[in-house]
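Undergrad: The chain contents come next:
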Amino acid sequence: MDQAAPLKQDSQAAQELPFREEAELIRRTVQGDTDGFRELVYRYQRQVYVSAYRALGDHAQAEDVTQEVFLKVFRSLPQFKHEKPLGHWIHRIASNAVTDQLRRSRPVVSLESMERMPASAQKDPQDVLSAKEGREALRRAIGRLPKHYRQALALQLFHEYSYQEIASALDIPIGTVMSRLSSAKRLLRQELRAHLKGPE
Amino acid sequence: MKLLSHAQVADQLSAYVDGALGSDVRPEVAEHLGECAECRAEHAELVVLAQLVRSLPKPPLTPFGPFWARLEARLPRRRSWLPAPLVARRWALAPILAAALLAVGAVGGAYASEGAYPDSPLYGVKLLREDIQLGVTSDKKARTHLMVRFANTRLDEARTMTREGKDALAVQSLLRLQSLVQQIGTANQRGVDQSGPDSDLQSLNAGLDEVEDQTATPEVRETVEAVRQEVERAEPKKVEPKRGGPKESDDKDRERQEQPKGGERD
Numbered sequence: 001m002d003q004a005a006p007l008k009q010d011s012q013a014a015q016e017l018p019f020r021e022e023a024e025l026i027r028r029t030v031q032g033d034t035d036g037f038r039e040l041v042y043r044y045q046r047q048v049y050v051s052a053y054r055a056l057g058d059h060a061q062a063e064d065v066t067q068e069v070f071l072k073v074f075r076s077l078p079q080f081k082h083e084k085p086l087g088h089w090i091h092r093i094a095s096n097a098v099t100d101q102l103r104r105s106r107p108v109v110s111l112e113s114m115e116r117m118p119a120s121a122q123k124d125p126q127d128v129l130s131a132k133e134g135r136e137a138l139r140r141a142i143g144r145l146p147k148h149y150r151q152a153l154a155l156q157l158f159h160e161y162s163y164q165e166i167a168s169a170l171d172i173p174i175g176t177v178m179s180r181l182s183s184a185k186r187l188l189r190q191e192l193r194a195h196l197k198g199p200e
Numbered sequence: 201m202k203l204l205s206h207a208q209v210a211d212q213l214s215a216y217v218d219g220a221l222g223s224d225v226r227p228e229v230a231e232h233l234g235e236c237a238e239c240r241a242e243h244a245e246l247v248v249l250a251q252l253v254r255s256l257p258k259p260p261l262t263p264f265g266p267f268w269a270r271l272e273a274r275l276p277r278r279r280s281w282l283p284a285p286l287v288a289r290r291w292a293l294a295p296i297l298a299a300a301l302l303a304v305g306a307v308g309g310a311y312a313s314e315g316a317y318p319d320s321p322l323y324g325v326k327l328l329r330e331d332i333q334l335g336v337t338s339d340k341k342a343r344t345h346l347m348v349r350f351a352n353t354r355l356d357e358a359r360t361m362t363r364e365g366k367d368a369l370a371v372q373s374l375l376r377l378q379s380l381v382q383q384i385g386t387a388n389q390r391g392v393d394q395s396g397p398d399s400d401l402q403s404l405n406a407g408l409d410e411v412e413d414q415t416a417t418p419e420v421r422e423t424v425e426a427v428r429q430e431v432e433r434a435e436p437k438k439v440e441p442k443r444g445g446p447k448e449s450d451d452k453d454r455e456r457q458e459q460p461k462g463g464e465r466d
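For the protein sequence lines, the chains are E and L, in the order given. Its first residue numbered 1, the first sequence is counted upward by one per residue in the working numbering. Its first residue numbered 201, the second sequence is counted upward by one per residue in the working numbering.
A portion of the hints provided could be inaccurate.
[What the hints assert, rightly or not] Partial pick of chain L residues on the chain E-facing surface, computed with a CB cut under 8 Å: (1) D211; (2) C236; (3) V253; (4) S255; (5) P276; (6) L334; (7) S338.
If you are wondering where the hints come from, they were derived from the structure by calculation, not from laboratory data. Each residue gets a CB set at the ideal place from its N, CA and C atoms; glycine is no exception.
Construct the entire structure; sequences and hints are all you get.
TA: Pasting the structure below:
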């Protein structure tokens, strides 16, 4: 029973999972029924893996992080209060795991990426930086952000959450989501600008 | 209609690019963009950033089977000594359990179990005794103290089990410890016994360090970390007087500040 559906389809399917059915799977898992947990993992694994892959850009790292996320979910499930969607809680754990991994990662920066950027880079960085280098710079910059910014940003950029979903997942007002994302992106732009600017 | 100020627009540009602004505000932001070069430059950068994010690759399709096989092999075994339906109602079962204790006590096993470790056949009796003690203790403060005592017992078990290389049993004790700490935290949040358990909970951290130092097993280390986080959550929040200037905080401090509460500042 292998799954292979796109992120959005998975996300929608998970949202449509009746609350009671999910509650039953949680109950079974907490009582030690690994089949119940398998069913839960099956429903969310692809989403977590996709976001981890988008964030980390590497299959092995994304797979490891996804494993860690579901181990954490299994261990913490007895304390989970099923007052809101399980998916939001799982994605919150995943966004922490992914951004912590980004923070720990010390990607090797190639000499190519250290080359001086021409002035035109400021207008359209993607024309100048290779897509790969741009993505690496983005990942490093996200890894350096303060945790509360990283968390909200990861939910938006990697998990493709709406502002409303981020608010629900993080238990914060939507205004706070807006302000965190705005501040996070401001810092991100500063970081990326510094990366793009070559030596004088 | 009053137009948004430059600062207000700057704060909303990110949401504007994300399409998260209401239709009542969007035209005002668009109008400001037409007039403000600084905001236009910021807007352009945000658009490039969004393009960069969209360029992050989607992964290849991966089969679920091997992922699950690997995960299942790593799952800690979760065993319950009470049948599932009874677990949920165990406090209501206190009188029955008390009777059971008498029966167990009659054969002398209950008291002999007091020093039993998870690898002992009497360990289940020990847990049963503790649960009965909690079940028949109605005073909230006394219950909290009992839970703190049992938490220390679980920690001692985990320490002993890791010392003897029985990491799977250590994980079981740590998971039980985590559950107790969570219950103590709930009691603390309800204002029960603000004076006592806090210091005891802090002393758990030193014991957790010992457990962690004794093992290289990732599963034990991860569970220790989970318990630490639970301890952090369970400690009663204290209001400390402000000292000096702002202190540079690490991620853990930030995380603590991030716990949902009223009037959150950003």
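Undergrad: Which of the listed hints are broken here?
TA: Result: hints 2, 6 and 7 break, sorted rising.
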